[in-house]
Structures are given as C-alpha cells and as structure tokens.
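There are 2 protein chains.
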Amino acid sequence: MIGADMSNHKPCIGVFDSGVGGLTVLKALLEVIPGADYLYFGDTARLPYGSKSAETVTKYAVGACEYLHSHGTDLLVIACNTATALALPKIERVVGVGVVGVIEPGAQSASGASQNRKVVVIGTDATISSHAYLRALKSRGVEAREKACPLLVPLVEEGWIAHPVTEQVARIYLDEAFAGEFESADVLVLGCTHYPLLKPILRRVAPAQVKIVDSAESTARAVAQQIRLDPKLSGAESVNEERGRGSSHIRFFATDSVQKFRSLGERFLGRKIEDVQHVDLKE
Amino acid sequence: MIGADMSNHKPCIGVFDSGVGGLTVLKALLEVIPGADYLYFGDTARLPYGSKSAETVTKYAVGACEYLHSHGTDLLVIACNTATALALPKIERVVGVGVVGVIEPGAQSASGASQNRKVVVIGTDATISSHAYLRALKSRGVEAREKACPLLVPLVEEGWIAHPVTEQVARIYLDEAFAGEFESADVLVLGCTHYPLLKPILRRVAPAQVKIVDSAESTARAVAQQIRLDPKLSGAESVNEERGRGSSHIRFFATDSVQKFRSLGERFLGRKIEDVQHVDLKE
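As given, the protein sequences belong to chains A and B, one line each in that order. The numbers in my numbering rise by one with no breaks, and the one at position 8 of the first sequence is 8. The numbers in my numbering rise by one with no breaks, and the one at position 142 of the second sequence is 142.
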C-alpha cells in the first residue's frame with residue numbers, strides 16, 4: 001500500500017535563492033523535470049547576499065530553507081551560488097531532506113568541458129571569496145581563476161542586459177580574468193544565477209575558444225539524477241516524462257514586495273508568475 | 001541642580017543609515033557639531049534599502065532607530081534618503097526624541113540655491129518612487145524632476161569613483177534628467193548619501209549652470225540649529241564651539257561584518273573607524 005501511495009506521490013522540489021536570480025534555475029528545472037511540483041523562496045527583503053559576510057548569509061539561508069522544508073519540500077535546491085558557497089553544509093545539517101547546491105554541478109560541467117584543464121569562474125564577492133569553486137574544480141584536477149564581478153547583478157537588475165555599458169564592464173572584468181596564465185583557459189563558469197541573462201554579451205567579450213557553463217542547467221540535470229536515484233522519490237518516474245509537462249504546480253514566497261517579485265521575476269523565469277505569497281522571516 | 005547637570009550634558013546624536021553611506025552625514029556633523037557624542041548604526045546585513053518596498057524599509061528602519069534610542073540617543077538623524085522618504089513619520093511616532101531626516105534640509109538648500117525654481121533630484125529607486133523630494137520642493141514653490149540612478153551606489157561600492165564607466169553611467173542618467181523642460185534646471189540634489197563621493201564626476205557631467213546640493217551638509221546644519229533651539233540640549237552650547245573639536249566619542253554598530261564596515265566605512269568618513277560592535281536585530 002505504501003508503495004502504491006508513493007508511486008502516486010509527485011515530488012515537491014523546493015528552490016531557494018536570495019532573490020529572483022534563482023528563477024533561471026527553476027526555469028531549467030521545469031525543462032528537465034516538468035512533472036514535479038515546485039516551491040520557490042526568494043529572500044528579496046534581505047538580498048543581495050553576494051556582498052555580505054558568511055555568518056549573515058548562513059543565518060538568512062538556513063531560515064529560508066527551514067521555511068521551505070516546513071512547507072513539504074522533498075528535495076531542496078540551493079539556487080544561489082553565494083548561499084551554496086557559504087551555507088550548504090549547515091543547511092544539510094538542519095533540514096532532513098536531500099539538498100543540491102549549484103556549485104558541484106557547475107564544477108562538474110566545467111571539468112567535462114575543459115580540455116586545457118583551466119577554467120575562469122565569475123561570481124559575486126561572497127561566492128568568490130569563499131573559493132568554493134576553486135576547491136570543487138581542484139578536486140577534479142582543474143585549475144581555476146576566480147573573479148568577482150559585483151557590478152553585473154545591478155546591471156541586470158537595471159535591465160541593461162544588452163547595453164554598451166554592460167558590455168564595457170564585462171570586458172573589463174573578463175580581460176582581467178583571462179590575462180596572463182589564464183589566457184589559455186577554455187571554460188567560463190557563470191557562478192551567479194543573474195549571469196545567464198548576460199550570455200550574449202559574455203559570449204562576445206570572452207576569448208573565442210571559451211565555452212560558457214551555466215550552473216542553472218547543470219544543476220537541473222543533477223537534480224533529475226538525484227530524483228531517479230532516490231527510492232523515496234523514484235515512484236514519481238513520470239516527472240521526467242514529456243507527458244508530465246505543464247502540470248507543475250508552482251508556489252512562490254518572497255520576503256519583500258510580492259508585486260516587485262512578480263514584475264522582475266517574469267524576466268528571469270520567462271513566463272507568468274501567479275501564486276506569490278509574502279513571508280516575514282524572523283531572524 | 002538639574003539646570004547645572006544639563007549644562008554639563010554632552011548631547012548624544014544617533015545617526016542611522018542602511019549602510020556606510022550615512023557616514024558622509026556623520027562627517028558633516030563632526031564638522032558642524034564637533035563637541036557632541038555620536039552613535040552610528042549601519043544596517044549592513046539588510047542593505048540596500050533603495051531597491052526594497054516601503055513596508056520592508058519601514059520595518060527595518062524602525063527597528064534600528066529603536067536600538068539607537070535605547071542606547072541613549074538625545075536626537076536622531078536619519079542619514080538615509082530612502083529611510084527618510086519612506087519611514088520618517090513612523091520613526092517619529094515610535095522614538096521619543098527629536099528626529100531629523102535628510103530630505104527637508106536638502107529641499108530647503110535646493111530651494112535657496114535655485115533661481116529658476118527648477119531642480120533635478122537623483123536618488124535610489126525607493127527614494128524616487130516615494131516622491132518625497134518632489135513634495136518637499138513643491139511646498140517651497142520649486143518644480144522638481146526626480147531621476148532614479150540605481151547603478152551609482154554599486155559603482156561607488158566597487159570603488160569606481162573616478163572611473164570612465166561611472167562617468168558614462170552618470171552622463172546617461174543626467175542627460176535624461178536635464179532633458180526637455182528641465183534643461184533650465186539650475187540645481188542638482190544628491191538624494192543619496194553615496195553620491196557625494198561622485199561629486200567630481202557629477203560636476204563634469206551636469207550642465208554648467210547647475211549647483212550641486214549635498215543633503216549631508218544641509219542636514220548637519222539643520223541638526224545644529226535644532227540643538228540650539230532645544231531647551232533639553234541647549235546647555236550644551238559648547239558643542240558648536242571650536243574648542244569642543246576632536247573630543248567626540250563615536251561608537252559604531254553594524255548588522256553585518258564589523259571588518260567590512262570598518263574597511264568600506266573609512267572611505268566615506270575620511271578617518272579611522274575604531275569602536276564597531278556587531279548587532280543582531282530581530283525583525
């Protein structure tokens with residue numbers, strides 16, 4: 001009977017981010033696992049995490065993940081590079097379900113894509129200072145140079161996605177990142193969920209031989225694999241099948257204005273955002 | 001006896017900002033009222049306020065001001081345009097001491113400086129959306145055009161204070177602000193405490209006839225006047241005198257990393273920052 005119940009259980013995937021950037025991960029998840037249900041939590045009142053200390057980011061991220069867990073999440077995706085870099089072990093200890101961050105899948109894809117075993121990673125101040133990507137790539141025999149690009153998030157949020165100023169800023173950052181020893185790097189890892197929106201600019205600005213690795217897509221594939229391997233969720237095989245597409249129920253939670261979440265979020269998710277609920281998190 | 005006690009009482013001025021930008025106001029206060037003691041609160045864990053909703057900004061600002069009040073503040077300065085624009089009335093109701101925001105003093109200076117009665121105000125998204133400057137200037141018979149410049153704060157925080165990209169961004173914003181009907185505007189109000197660091201660039205980019213009004217300086221003068229007029233603080237006449245200079249005791253509180261506050265803050269205050277204490281604010 002339990003087995004029969006489980007086979008009808010649709011997995012509920014909780015996706016957490018400091019803001020709307022993680023919606024690029026949700027978008028990739030909806031492509032790869034169209035039949036699951038989703039809860040998305042954006043801690044928009046306290047964003048950005050990328051400029052804050054490890055202690056503060058950990059405290060905020062753990063609170064948000066506990067909230068998602070208490071709302072029925074079967075599997076938790078940390079769709080925020082900064083929170084993954086700084087708080088993943090703590091989140092794993094606190095919530096009682098599987099947790100997938102964006103850094104290991106991103107590093108795995110980068111390692112697969114790099115022939116020269118030299119990779120450039122761009123991200124926020126906090127992600128880069130943590131050296132989480134450096135470690136994840138080193139353990140795969142890949143040398144990494146990490147470069148903080150703190151202006152790219154504000155430029156995306158200003159909507160200057162195809163703006164000459166953004167191209168100029170990206171060029172300054174990438175010229176530094178691909179200088180000297182890393183001239184021969186052949187992969188650029190987008191270590192921040194805002195950056196996929198800048199792919200066309202980054203493509204133009206990065207050296208010609210460089211492949212761009214988007215953690216959002218790698219993470220979605222890692223989540224699909226985890227679901228296939230997890231006996232508690234494997235009754236929901238149909239989640240990977242085409243016939244499940246479009247049947248996802250998605251609920252959104254935001255700590256700042258619901259209206260702002262909706263209007264900015266639709267740019268990242270590429271579809272309408274309906275069911276958003278405001279949440280007050282005690283610290 | 002009470003009068004005698006009061007005459008020895010050094011006023012304690014509480015200065016509140018979402019981050020380090022308000023240190024430009026503290027710097028101006030130290031010039032104008034060198035003999036007072038100061039408490040400075042930077043809500044660095046939850047900054048920036050400028051991109052957040054009125055409800056969230058009000059909740060955060062009220063909590064921080066209550067904290068300052070409970071630590072012995074005689075007079076409270078809201079050194080944050082966004083918090084002044086959105087939360088000043090609420091703060092006044094909640095704390096039992098005088099409160100000075102940055103917007104009225106800034107509007108007063110702008111009105112005094114404008115011959116054409118046409119003024120441009122630049123600030124964060126939240127400050128501009130509140131139209132607090134528009135109202136404050138209208139009540140003085142001055143027409144205002146408000147222009148949100150959300151990229152200027154990140155550019156200052158990246159340290160690109162004299163960078164060609166910052167000049168280009170400032171030019172884009174100001175060209176729009178001084179277009180059409182406002183070509184004849186003769187005052188530019190810096191409606192954000194980060195902007196005084198960009199004065200040299202803004203000077204080059206703004207039309208030649210434009211005078212720049214810095215709310216930090218206007219606010220410091222308004223505070224000095226309030227102290228002179230307040231019987232509870234008027235025993236401390238010496239606070240305005242040169243002999244008091246350098247004797248201020250300044251304590252800092254920050255909700256994010258103390259180390260980051262110190263290193264970024266010194267750029268704004270223009271002097272060493274010593275006594276910083278970390279504070280956890282419950283929401």
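Rather than coming from a laboratory, the hints here were simulated on the basis of the structure. Watch out, some of these pointers could steer you wrong.
No copy labels: a pair is met if it fits in one copy or bridges any two.
Said to hold, decoys possible - The calculated lysine-lysine pairs, modelled on DSS-like cross-linking and capped at a C-alpha distance of 25 Å, are: (1) 211 x 199; (2) 199 x 90; (3) 272 x 232; (4) 260 x 90.
**Request:** With 25 Å as the alpha-carbon cut-off, assign the pair residue 211 and residue 199 to within, between, both or neither.
**Result:** The answer is within: 11 Å in one copy meets 25 Å, while 41 Å across copies does not.
**Intra- versus inter-copy proximity for residue 90 and residue 199 (alpha-carbon distance at most 25 Å)** = neither (32 Å within a copy, 44 Å between copies)
**Prompt:** Given identical chains, is residue 260 near residue 90, meaning Cα to Cα at most 25 Å, within a copy, between copies, both, or neither?
**Reply:** between (30 Å within a copy, 23 Å between copies)
**Message:** At most 25 Å between CA atoms: does that hold for residue 272 and residue 232 within a copy, between copies, both, or neither?
**Reply:** Classified as neither: same-chain Cα gap 31 Å, cross-chain 57 Å, threshold 25 Å.
Against the hints set out earlier in the document, violations occur for numbers 2, 3.
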